[in-house]
Amino acid sequence: MNRSRFVGLALAAFGLVFLSFVVRGTTRLIAPYEVAVALSAPILFAAAALLVGLVALATLDVTGIRSLE
Numbered sequence: 243m244n245r246s247r248f249v250g251l252a253l254a255a256f257g258l259v260f261l262s263f264v265v266r267g268t269t270r271l272i273a274p275y276e277v278a279v280a281l282s283a284p285i286l287f288a289a290a291a292l293l294v295g296l297v298a299l300a301t302l303d304v305t306g307i308r309s310l311e
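For the sequence shown, position 60 matches number 302 in our numbering, and the numbering has no gaps at all.
Just so you know, these hints were derived from the structure itself, not from any lab. The beta carbon of each residue, even a glycine, is placed where N, CA and C say it ideally should be. Honestly, I wouldn't trust all of these hints.
To be verified - For each label pair, taking beta carbons as the anchor points, the in silico distance ranges come out as:
(1) P284 to S246: 25 to 31 Å
(2) A273 to D303: 39 to 45 Å
(3) L253 to V279: 20 to 26 Å
(4) E311 to P284: 28 to 34 Å
(5) I272 to S309: 46 to 52 Å
(6) R270 to A290: 18 to 24 Å
(7) L253 to E311: 27 to 33 Å
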C-alpha cells in the first residue's frame with residue numbers, strides 16, 4: 243500500500259463518520275431516536291474498523307516492520 247492510498251482510506255473513514263452523523267440526524271426528523279441510531283451504527287462501526295486497520299498499518303510503518311512504500 244502506498245501513502246496516497248493510505249491517505250485516501252483515512253479520508254474515506256472520516257467521510258463515513260460524517261455520513262453516520264448525517265444519517266442519524268436526518269433519520270431523527272422522521273423516526274424515533276432508536277431507529278436513527280440503529281441505521282447509523284453500522285456506518286460508524288465500518289469507519290471505526292477502517293480507522294483501527296489504518297492505525298495498525300501506521301504502527302507497523304513507524305516501527306519498521308512493514309513499510310507503506
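Results of checking the hints against the structure:
1. P284 to S246: 25 to 31 Å: At roughly 28 Å between Cβ atoms, S246 and P284 fall inside 25 to 31 Å, so the hint holds.
2. A273 to D303: 39 to 45 Å: holds, 42 Å
3. L253 to V279: 20 to 26 Å: This hint holds: roughly 25 Å between Cβ atoms.
4. E311 to P284: 28 to 34 Å: 32 Å Cβ-Cβ, so the 28 to 34 Å window holds.
5. I272 to S309: 46 to 52 Å: Because 48 Å falls inside the window, the suggested range holds.
6. R270 to A290: 18 to 24 Å: holds, 21 Å
7. L253 to E311: 27 to 33 Å: violated, 19 Å
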